[in-house]
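**Student:** First to last, the protein sequences are chains A and B.
Residue numbers for the first sequence follow the numbering used here, so the first one is 1 and each next one is one higher.
Residue numbers for the second sequence follow the numbering used here, so the first one is 1001 and each next one is one higher.
Just so you know, the hints here were simulated from the structure itself, not pulled from any lab data.
No residue lacks a Cβ here, since even glycine has one placed at the ideal position from N, Cα and C.
Wrong hints could be hidden among the right ones.
[Claimed, not checked] Stretch by stretch, here's where chain A covers chain B in the computed footprint (C-beta under 8 Å, at least three residues):
id: 1; segment: 1144-1158
id: 2; segment: 1169-1175
id: 3; segment: 1227-1241
2 protein chains.
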Amino acid sequence: MSAVSQADARRPIGVFDSGVGGLTVLDAIHRALPWEDLVYLGDTARVPYGTKSADSVARYARQAALALVRRNVKALVIACNTASAVALDVLRESYPSLPILGVIDPGAEASCRASRSGRIGVIGTEGTIQGGAYQRAIQRLRPDAIVTGQACSLFVALAEEGWTDGELLEQVLRRYLAPLSSGNQPRIDCLVLGCTHFPVLKSAIANVVGDDVCLVDSAATTAAALYQQLDQLGELHPERERTGAIDYLVTDGPDRFARVAGTFFSRAVDRSNVELIDIPQLA
Amino acid sequence: MSAVSQADARRPIGVFDSGVGGLTVLDAIHRALPWEDLVYLGDTARVPYGTKSADSVARYARQAALALVRRNVKALVIACNTASAVALDVLRESYPSLPILGVIDPGAEASCRASRSGRIGVIGTEGTIQGGAYQRAIQRLRPDAIVTGQACSLFVALAEEGWTDGELLEQVLRRYLAPLSSGNQPRIDCLVLGCTHFPVLKSAIANVVGDDVCLVDSAATTAAALYQQLDQLGELHPERERTGAIDYLVTDGPDRFARVAGTFFSRAVDRSNVELIDIPQLA
C-alpha cells in the first residue's frame, strides 16, 4: 500500500455515542491527541441504548457510522459500551479499510493488567451486562479470571442529573455494589466502569468499594489504543502544535446536549458548535 | 350524522405511550371499561420522551397515531404526559373525526377539584415541567391557582428499576420534593403525578409529602373522560358482559416489555400478545 498522504492524515476522527456519556471518551481522546480534529455524534433522539435490543442498537450504530463516514473521518471510535458490544464486528465488516475501535476490548485489557487476583467486577447498563461482552473479553485475555457482572440501571440517570457526590448518592451506589463484595466470595480487586457515564461517579464509587479496589474506565485506554493505531498507520495529524477543532452532531435537542455536556467533558461545549442532524437521512 | 353502527362500536381503543409507563393508564381504562378491546402501543425504541425535544416527540406521536389508526381504533388515548403536552392538538387536526384524549387536561381537572387552597404542585419529567402544559391547563380552569412545577428526572428510572418502597427511596424522593414544601411559601394541598411512571411510587410519595396533600394521577380521570366521551358518541362496545382483549405493540424489545410491564399493570402481560412493529413503516 502507498503511504498515507498528508491530506488523509488531516481528516478528523469520528466518535460515536448514544448521547452525552461518550464525552468522557472524547475527553480522553482530546487529552491524548490534542492536535486532532474530532467529530462527535451523540444519538440523542434514541438515547439510552442500554435498555434497547441488540438489533436496534446495531441498526442505530450502522446509521451513525454512515453519518460520520460521510464527514470523511479517518478513524471511528464507538464510545458507547452497549454499541461496542453489539456493533463493532458489523461496522468493521462494513468499512474494512477504516480503523474502528470500541471501548470493550481496551477496558478489558486495562482490567487484566490492573487486577492481581483475577477477581474482576464489571458494572454497566442492563444491555451491556446481560450481553456479557466484557465478561467474554476479559476471559479471552485471562482465562483464569473470575468476572462478576452487575447491571447498575440507575447510574446513568444519576450521572445525567449531576448527582455525583454526597451521602445519599453513596447509599444508592452501595445498594447496587453490595453484591460485588458480599461475604460469600473473595473480594474483587478491580472494577471496570463499563459505561461511559460512570467515570463522573468515580470518586463516589471509590468511596463505596474501598481504596483497595482499582477502578478501570475504558476512556484513557481507548484513547491510547487509538493513538497507537493511528501512529502505526502513519495517520496522526502532521502538525502537533495545533489544537484540534471539535464538532458536535446530535440527532435531537442540541440545547440540552450543550447544557448537560459540562458534566462529562472538561471543555465547555459551545452551543454554536452543536449541529442537529436528521436521523432519516442516515438510513 | 347517522348513528354509529354496532360494528364501529366493536372496534378497539388505541392507547399510545413512549414505553411501559402508560400501562398505568391502560390499567385504569381496563378497569373502567373492562368489556372494551384495547391496543397499546409502547414506543420502546425511542423511550424516554421526557428528555427529547418537542419536535421529535410530536413526530413520534404522529407516527404512533398512524400505526393505531391503521389498526382501526375508535378512539385514541395519548397516555404519555410529554406527548400529550406537545402533540394533542396536532393529532386532533390530523384525525378530526377520531376522539383523541390526552392525560394533561383530565389531570388538571382532577387537581382543581381536589385542591381547596388552590396551591397545587406538579411533578413530571424535565420535558413536561419545562413545557409548562400542566401549569397552563390548571390556570385555565382555575385562574387563582398557584402552581409549582418540579422536574423529577430520576423517578422514571426508579420506577422502571422496581424501587417502589423503602427508606432509601424516600430519601431520594425527599430531595426532589423538598422545594414543594419549603418553609417560605404556603404548603401545597394537592400534588399532580404528571408522569405515567409516578403512580407506582404513589405510597412512597405520600409518605414524603404527608397525608394532608392529595395525590392526583391522570389515569383514573382520563379513563372516566374516555368512558363519558364514548358513551355520548354511542361508541361503547354493545356487549358489557365480555372481557376485552388487550394487544400490545412495541417498537423494540418485546421480552423486556413483557418483563417490566408487571410493575405498571395489574394484569400479567403475556409475551405472546406483544408484537414487535417496525418504526420505519410508520413514517
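**Student:** Against each hint, give a clear statement of whether it holds in the structure.
**Tutor:** Verification of the hints:
1. 1144-1158: holds (count 5)
2. 1169-1175: holds (count 3)
3. 1227-1241: As far as the segment 1227-1241 of chain B goes, the hint is violated, because 0 residues have Cβ atoms under 8 Å from chain A.
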